[in-house]
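Respectively, the protein sequence lines represent chains A and B. Heads up, the first sequence is in the working numbering, so the first residue is 1 and it goes up one at a time. Heads up, the second sequence is in the working numbering, so the first residue is 1 and it goes up one at a time.
Check the hints yourself; a few may be wrong.
As the list claims (entries may be wrong) - Here are the simulated DMTMM-like cross-link-like pairs (lysine to aspartate or glutamate), alpha carbons at most 25 Å apart as the crow flies:
| no. | chain 1 | residue 1 | chain 2 | residue 2 |
| --- | --- | --- | --- | --- |
| 1 | A | K40 | B | E64 |
| 2 | A | K40 | B | D104 |
| 3 | A | K165 | A | D199 |
Said to hold, decoys possible - Selected chain A positions facing chain B (Cβ under 8 Å, derived; list incomplete):
| no. | residue |
| --- | --- |
| 4 | M57 |
| 5 | V60 |
| 6 | R61 |
| 7 | G88 |
| 8 | P91 |
| 9 | G94 |
| 10 | C95 |
| 11 | R98 |
| 12 | G99 |
| 13 | A102 |
| 14 | V106 |
Hints are computed from structural coordinates only; laboratory data are not their basis. Here a beta-carbon is modelled for each residue, glycine too, at the ideal position from N, C-alpha and C.
Residues per chain, in single letters:
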Amino acid sequence: MKQIALYGKGGIGKSTTSTNISAALSLRGLDILQIGCDPKRDSTRMLMQGRLIPTVMDQVRERGDRAITLPDVVYTGFGGVRCVEAGGPEPGVGCAGRGIIATFQVLERLGALHADVVVYDVLGDVVCGGFAMPMREGYAQEVYLVTSGELMSLYAANNICKAIKRLSNRSRGQCRLAGVICNAKNLPREEELVATFADRIGSTLIQFIPRDPVVQRAELNRATVIEYAPDSTQADAYRLLAEKILTNSRLDIPEPLEIGELETLAYEFIAE
Amino acid sequence: MSSLRNEGCTLTGALSVTTAVRDAVSIIHGPDGCAHHNFSLLHALQYENDQLVLPSIISSSLRETDIVFGGEEALARVIGRAQERHPGAIFVLTSCVAAAIGDDVSAVCGEVRDIPVMVIPTGGFLGGGFHDGVISALVSLSYLGSTGSPSGMVNLVGEKNLEYEADANFHEVSRLLALLGVHVQLRFVRNCSLADIRKLGSASLNIMRDASLSGVGAVLSDRFGTPSLPAFPVGFEGTLAFLEAAGRKLGIDSAGAIASEEAYQQQVIRRFADLQGMAVRIREPGPAPGPVLAELEKLFCFDLQDNGPAPQIPDPFPVGTAGLSRMLHRWRRLCRA
Ligand SMILES: Nc1ncnc2c1ncn2[C@@H]1O[C@H](COP(=O)(O)OP(=O)(O)O)[C@@H](O)[C@H]1O
Ligand SMILES: [Mg+2]
Numbered sequence: 001m002k003q004i005a006l007y008g009k010g011g012i013g014k015s016t017t018s019t020n021i022s023a024a025l026s027l028r029g030l031d032i033l034q035i036g037c038d039p040k041r042d043s044t045r046m047l048m049q050g051r052l053i054p055t056v057m058d059q060v061r062e063r064g065d066r067a068i069t070l071p072d073v074v075y076t077g078f079g080g081v082r083c084v085e086a087g088g089p090e091p092g093v094g095c096a097g098r099g100i101i102a103t104f105q106v107l108e109r110l111g112a113l114h115a116d117v118v119v120y121d122v123l124g125d126v127v128c129g130g131f132a133m134p135m136r137e138g139y140a141q142e143v144y145l146v147t148s149g150e151l152m153s154l155y156a157a158n159n160i161c162k163a164i165k166r167l168s169n170r171s172r173g174q175c176r177l178a179g180v181i182c183n184a185k186n187l188p189r190e191e192e193l194v195a196t197f198a199d200r201i202g203s204t205l206i207q208f209i210p211r212d213p214v215v216q217r218a219e220l221n222r223a224t225v226i227e228y229a230p231d232s233t234q235a236d237a238y239r240l241l242a243e244k245i246l247t248n249s250r251l252d253i254p255e256p257l258e259i260g261e262l263e264t265l266a267y268e269f270i271a272e
Numbered sequence: 001m002s003s004l005r006n007e008g009c010t011l012t013g014a015l016s017v018t019t020a021v022r023d024a025v026s027i028i029h030g031p032d033g034c035a036h037h038n039f040s041l042l043h044a045l046q047y048e049n050d051q052l053v054l055p056s057i058i059s060s061s062l063r064e065t066d067i068v069f070g071g072e073e074a075l076a077r078v079i080g081r082a083q084e085r086h087p088g089a090i091f092v093l094t095s096c097v098a099a100a101i102g103d104d105v106s107a108v109c110g111e112v113r114d115i116p117v118m119v120i121p122t123g124g125f126l127g128g129g130f131h132d133g134v135i136s137a138l139v140s141l142s143y144l145g146s147t148g149s150p151s152g153m154v155n156l157v158g159e160k161n162l163e164y165e166a167d168a169n170f171h172e173v174s175r176l177l178a179l180l181g182v183h184v185q186l187r188f189v190r191n192c193s194l195a196d197i198r199k200l201g202s203a204s205l206n207i208m209r210d211a212s213l214s215g216v217g218a219v220l221s222d223r224f225g226t227p228s229l230p231a232f233p234v235g236f237e238g239t240l241a242f243l244e245a246a247g248r249k250l251g252i253d254s255a256g257a258i259a260s261e262e263a264y265q266q267q268v269i270r271r272f273a274d275l276q277g278m279a280v281r282i283r284e285p286g287p288a289p290g291p292v293l294a295e296l297e298k299l300f301c302f303d304l305q306d307n308g309p310a311p312q313i314p315d316p317f318p319v320g321t322a323g324l325s326r327m328l329h330r331w332r333r334l335c336r337a
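Given the sequences, and given the hints that come with them, work out the whole structure.
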């Protein structure tokens, strides 16, 4: 079983990338489980024909965690991908991080965390311990950073490196950085910048995903690019990424950059 | 309990005050365990002090889903349940976890109701201890008092409700004030009603239980303009000084009271004449009574030793002449044993 987690700044394209990876892998005949770890709960929407599935935390709230069964929280979507949404509170109340921890406890108890590949799609900034949960206790061993060439996005990716580094030297922690995915904003020299960033933190750029309007068209049709436009070059990019993830064996303990270094790096690429 | 006054749980400190209001209900906004633990502790200590009234505490019973989604609904529900008991006021005390997730407790309590619903912030992880809880509760409850023209009577502020000798100390202070012809109008807060608390602002003098409550004294003097005495008296000389200070603040001539108290003190000293030269080992000076111990040493020529019978220095130190008399009585039993 392979367990991967995608982390990155909010809105950078984690869910878009995750759903396309899951869809591509499922078409290779693999059993895929995608778990949205974001109270925004829209991780798996494009695998579910645009449907927002009931979340684990909503179910726990409505029925109590003892009454929940597997079919209450796991929904099968495109290509047989099994989808789970952790869910959580409305913005501004409660404790979303605790919601992630509680979700893992429920999934653990239900024995839900089994598949050929488990894909964790996690809220951008690892704001508290709860959002580091997928990286802990031996869940996702391979973390992929999703970033564009924008400074704020690199900044978030760099912060996540700090969390990976901290967790990697715990005895139970087997979490490592598996690579950087560049989800482009179509900035000049963007691929080069993100590749250099990946190199500096001791990792590698695993795939460049272009920014392409077909993503929005697929979204309007409530589908992944893999499903909606399988012959597009964008679909090719996602399939290639899925393939690389499947065969990737490079696992690094990243060395996060100082904020100054990061700014200098970004500036070098913008200035020219 | 008392020796832990700077440690312990903020929530317990605040509850020791709020549960002393007869016609109010205290809500603990937290998991059941916080309520259970505090209820048991208060009940056990009060039972030991021969009070058989159960503390009026209910819990918002926060569970994990309340933590994830926010505990405000659970709080609103438990306020509803508290109202069914028809209390005159509801005090809402926050637990650590409710404070940590940032429940907007003030907003929930601020909804319009026909009785006061008052928030007392008591998240213990913020660094406070038992005593901070006491102060927080006293300050909050002071908002239930109204201003009034000075009555010539006094308030006792911040009696230690979990202390074994709380009532003995109260009777001693009342006895001393009676020598001045002054009465206690309110014990803030011990075994009183909300109607009693309303009189808070009309006292001519506030007498604080001890110096650690000076902040509360300042709040009361700001709000109501009431002067205060910093502490209940300890020691023979301290007791006379207390009479003098109380008289001065109240504009009463204390000469007669002081003379009669001094005569009584001489009686007490004679009664314990057999303690002269007693060998004692003073273990720890304790917080307050440094000068009091020096005074006792002088009066009874104690033979201070590094070992030998070690009488307890009670903490809190007993109040007034009667308190010393009780303590000396215990010391005598110890050295005769
Ligand atoms: N490669 C891309 N090309 C074009 N649009 C994209 C691409 N990746 C993401 N988007 C758009 O960005 C938006 C945010 O992406 P999403 O996957 O929801 O971000 P996240 O999960 O990181 O918050 C989506 O609405 C999607 O349309
Ligand atoms: Mg997302």
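Checked hints:
1. Among the hinted pairs, K40(A) with E64(B) is consistent with the structure: their alpha-carbon atoms are about 19 Å apart, no more than 25 Å.
2. Distance check on the hinted pair: K40(A) and D104(B) sit about 22 Å apart at the alpha-carbon level, within 25 Å; holds.
3. A C-alpha spacing of about 16 Å is found between K165(A) and D199(A), which places the hinted pair at or below 25 Å, so the restraint holds.
4. Annotation: interface hint on M57(A) holds; nearest CB of chain B at approximately 6 Å, less than 8 Å.
5. For V60(A), the shortest C-beta to C-beta distance to chain B is roughly 6 Å, which falls under 8 Å, so the interface hint holds.
6. Annotation: R61(A) was flagged as interfacial toward chain B, and the flag holds, the nearest CB pair being 5 Å apart, inside 8 Å.
7. Taking 8 Å as the C-beta cut-off, the interface hint given for G88(A) holds, the closest approach to chain B being about 6 Å.
8. The interface hint given for P91(A) is violated, since its Cβ lies 11 Å from the closest Cβ of chain B, which is over the 8 Å cut-off.
9. Annotation: interface hint on G94(A) holds; nearest CB of chain B at approximately 4 Å, less than 8 Å.
10. At about 4 Å, the closest approach between the beta carbon of C95(A) and any beta carbon in chain B falls short of 8 Å, and the interface hint on this residue holds.
11. At about 5 Å, the closest approach between the beta carbon of R98(A) and any beta carbon in chain B falls short of 8 Å, and the interface hint on this residue holds.
12. Against a cut-off of 8 Å between C-beta atoms, the interface hint on G99(A) holds, since the closest Cβ of chain B lies about 4 Å away.
13. Among the interface hints, the one on A102(A) holds; its C-beta lies about 5 Å from the nearest C-beta in chain B, closer than the 8 Å criterion.
14. For V106(A), the interface hint is violated, since its Cβ never comes within 8 Å of a Cβ in chain B; the closest pair sits about 10 Å apart.
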